[in-house]
Amino acid sequence: MSKILYSFRAVLSASALTIILSACGTTQTSTPTVSGLSEAVEPSLRQAAREAEASYDYRSAVQHYRALLDRHPDDQRLALSLARNLRFSGASQAAIDLLNSLAGSERPALVLAELGKAYLAADRLGLALRTLQEAQAKAPKNWEIVSALGVAYDYQEQWDKAQAAYLTALAINPDNPVVLNNLGLSRAQSGDLDGALDALRQANEQPAAKAQVRQNYALLLALKGDVAAAERLARKDLTAEQAKGNGQFYRQLAMGLRGY
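Letter by letter, the sequence shown follows residues 26 to 285 in the working numbering.
Think of the hints as simulated: they come from the structure by calculation, not from any bench.
Under the rule of at most 16 Å between Cα atoms (straight-line distance), these lysine to aspartate or glutamate pairs were calculated in the EDC-like manner:
| no. | residue 1 | residue 2 |
| --- | --- | --- |
| 1 | K249 | D223 |
| 2 | K249 | D217 |
| 3 | K261 | E230 |
| 4 | K163 | E131 |
| 5 | K186 | D217 |
| 6 | K235 | D200 |
| 7 | K249 | D219 |
| 8 | K235 | D262 |
| 9 | K235 | E78 |
Computed Cβ-Cβ distance ranges for the label pairs, DEER-style:
| no. | residue 1 | residue 2 | range |
| --- | --- | --- | --- |
| 10 | P98 | Y180 | 30 to 40 Å |
| 11 | A128 | Y81 | 20 to 30 Å |
| 12 | A79 | K166 | 21 to 31 Å |
| 13 | D148 | E230 | 29 to 39 Å |
| 14 | E76 | L150 | 25 to 35 Å |
Note that CB positions come from ideal geometry on N, CA and C, so glycine has one too.
Hey, can you work out the whole structure from these sequences and the hints?
Below you can see the structure in the form of structure tokens.
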């Protein structure tokens, strides 16, 4: 195993890929009761749910979506949004329970896709893979499902299958930064750092690229030894103190990849 590949996997196992982003502090408020939700209040609650999720305040998003689902128990979109935020907040089993109750006998593709992601979050890899394969069979042109299947293969270290899935997703939705990001990380884990950098560079160039893409790209640049470029990227999303901490980590990482 190359030194770069060993170091990158060590970084992953140490959770160093977790992006140091300060979640926008959203004031916790009590969720309105179902009886108190009027037609005038509901649009504001929907907006609050979307904004909470966008600012990584997943617990508040869960509260808001749960209140909305109580009002509209047959709304599949609301149920999927609640399940997604349960997963993001670490309550993967609650998401699984909700989605299994939602799947029924018809097992819609979008429900299966979210269920597969919840199984992944719960580290139930076999169930995740089977569920996502079933979802893809029902919706073969859905790039998000195909990309999620790639993530499931990555979890099982089946790099070739994972990268083939990402390329299929990109054929459906070209230049998608989420898929390019996943492809880059998969290539890095399989030892192809140059290919990983190329995919992350393309992802970073997309207008819809988020902070996570930039920070993953910065990490790979540091692994390659380009610490200055990594620090420039880090400063785009992090506070000065956070960027300084990341910069120190990047320099240590680059030094560690030089000969013994």
